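J.: Based on the hints, put chain B in the right spot on chain A.
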Amino acid sequence: EAGVAQSPRYKIIEKRQSVAFWCNPISGHATLYWYQQILGQGPKLLIQFQNNGVVDDSQLPKDRFSAERLKGVDSTLKIQPAKLEDSAVYLCASSFHQGRPPDEQFFGPGTRLTVL
Amino acid sequence: AQSVTQLDSHVSVSEGTPVLLRCNYSSSYSPSLFWYVQHPNKGLQLLLKYTSAATLVKGINGFEAEFKKSETSFHLTKPSAHMSDAAEYFCVVRRGGGGKLIFGQGTELSVKP
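Here the protein sequences come in this chain order: A and B. By this note's numbering, the letter at position 28 of the first sequence is numbered 28, and the numbering carries on one by one without gaps. By this note's numbering, the letter at position 66 of the second sequence is numbered 66, and the numbering carries on one by one without gaps.
Only chain A is shown next, with the shape it has when bound in the complex (with noise of 0.2 Å):
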C-alpha cells in the first residue's frame, strides 16, 4: 500500500513570495490533516479535512495560509506572502475516519520550506 505522497520535498523561497505544497493522501482515506513544524519543535496541527470539508483550522494564519482539497481526495496548501518564519516542515497525514475512536494518522515524508 502506498503511503503519503507530498511533493515536492524541498523548497527555497524569498519573503513575500508564494509558494504551495501538494498532498495525496492514503486511497481511501477520508481524513486530510496538514501539520507545520519549525526546527525543534513538535508538528503543530495547521489544518483538518474530513472528506472535503473543513473540521478544523483554528491555528491556519488565514491571512496567509490557505488550504483546499476540492475533490475530497489530495490537497494543496499555499502560502502567500511567505514570511521567514514560515520556515518549517510542513507535514500531510492521513487517516481512515474521523469515528470515535479516530483512526491511526499516517505521515507523509514533509516538505521542507526555506524562507530567504
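In case anyone wonders, no lab produced these hints; they're calculated from the structure. Just so we're clear, the structure is a prediction, and the values are computed from it rather than from any experiment. Note that the Cβ used here is the ideal one computed from N, Cα and C, for glycine as well. The reader is advised that the hints may include incorrect statements.
Across the chosen pairs, the derived CB separations fall in these ranges [claimed, not checked]:
{"hint": "1", "chain 1": "B", "residue 1": "R22", "chain 2": "A", "residue 2": "T76", "range": "36 to 44 Å"}
{"hint": "2", "chain 1": "A", "residue 1": "A2", "chain 2": "B", "residue 2": "T77", "range": "43 to 51 Å"}
{"hint": "3", "chain 1": "A", "residue 1": "L116", "chain 2": "B", "residue 2": "N61", "range": "37 to 45 Å"}
{"hint": "4", "chain 1": "A", "residue 1": "Y10", "chain 2": "B", "residue 2": "N61", "range": "23 to 31 Å"}
{"hint": "5", "chain 1": "A", "residue 1": "S18", "chain 2": "B", "residue 2": "P113", "range": "33 to 41 Å"}
{"hint": "6", "chain 1": "B", "residue 1": "L56", "chain 2": "A", "residue 2": "S18", "range": "46 to 54 Å"}
{"hint": "7", "chain 1": "A", "residue 1": "Q59", "chain 2": "B", "residue 2": "K68", "range": "26 to 34 Å"}
{"hint": "8", "chain 1": "A", "residue 1": "L39", "chain 2": "B", "residue 2": "T5", "range": "44 to 52 Å"}
{"hint": "9", "chain 1": "B", "residue 1": "K68", "chain 2": "A", "residue 2": "D103", "range": "34 to 42 Å"}
{"hint": "10", "chain 1": "B", "residue 1": "D8", "chain 2": "A", "residue 2": "E85", "range": "41 to 49 Å"}
{"hint": "11", "chain 1": "A", "residue 1": "I38", "chain 2": "B", "residue 2": "H39", "range": "15 to 23 Å"}
{"hint": "12", "chain 1": "A", "residue 1": "R9", "chain 2": "B", "residue 2": "S80", "range": "27 to 35 Å"}
Derived pair list, reagent style PhoX-like, types lysine-lysine, alpha-carbon separation capped at 25 Å [to be verified]:
{"hint": "13", "chain 1": "B", "residue 1": "K42", "chain 2": "A", "residue 2": "K44"}
{"hint": "14", "chain 1": "A", "residue 1": "K11", "chain 2": "A", "residue 2": "K44"}
{"hint": "15", "chain 1": "A", "residue 1": "K78", "chain 2": "B", "residue 2": "K100"}
T.: Chain B in isolation, oriented as in the chain A frame:
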C-alpha cells in the same frame, strides 16, 4: 486543555543499554496518548498508543510505555538500545474525540556504539 511535556530534549545511551524517554501529560479526562518516532528525512511513525485499555502498552521494535495516572506520566522504555533507534521521539496526546494531535517538543535519542 490537554498538553504533554517531554522532560528531556536529548538522551544519549550506549548500544545494548536501556532507554528511558520521559513524558508527562496534562488532561482533564482520560487521555489517548501516543509515542511517535521520526527518523531523519522520513515521516513520523506510530510506535504505540494508549487508549484506556491495558496500562502497559507494547509497541513496535521492542518499545513499551506505561500509563500512570497517579503520576500523569507515559514514559517510553526499551530494554536494550540498538543503533537504529537513534531518532527523534514525540509524546502525543489526542484532544477529545476528534483527531487533533498535540505533540510534545520531542526528545532526540542518540545511541553510541
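J.: For every hint, state whether the structure bears it out.
T.: Evaluation of the provided hints:
1. R22/B x T76/A: 36 to 44 Å: 38 Å, holds
2. A2/A x T77/B: 43 to 51 Å: The hinted range 43 to 51 Å is violated for A2/A and T77/B, with Cβ atoms some 33 Å apart.
3. L116/A x N61/B: 37 to 45 Å: 38 Å, holds
4. Y10/A x N61/B: 23 to 31 Å: About 28 Å separates the Cβ atoms of Y10/A and N61/B, which means 23 to 31 Å holds.
5. S18/A x P113/B: 33 to 41 Å: For P113/B against S18/A, whose Cβ atoms are near 46 Å apart, the range 33 to 41 Å is violated.
6. L56/B x S18/A: 46 to 54 Å: 49 Å, holds
7. Q59/A x K68/B: 26 to 34 Å: 30 Å, holds
8. L39/A x T5/B: 44 to 52 Å: 19 Å, violated
9. K68/B x D103/A: 34 to 42 Å: Violated, since K68/B and D103/A (Cβ atoms, about 26 Å apart) do not stay within the stated range.
10. D8/B x E85/A: 41 to 49 Å: Violated, at about 26 Å.
11. I38/A x H39/B: 15 to 23 Å: 19 Å, holds
12. R9/A x S80/B: 27 to 35 Å: 34 Å, holds
13. K42/B x K44/A: Holds, at about 17 Å.
14. K11/A x K44/A: 20 Å, holds
15. K78/A x K100/B: Distance of about 21 Å is within 25 Å: holds.
Going through the hint list in order, the structure does not satisfy hints 2, 5, 8, 9 and 10.
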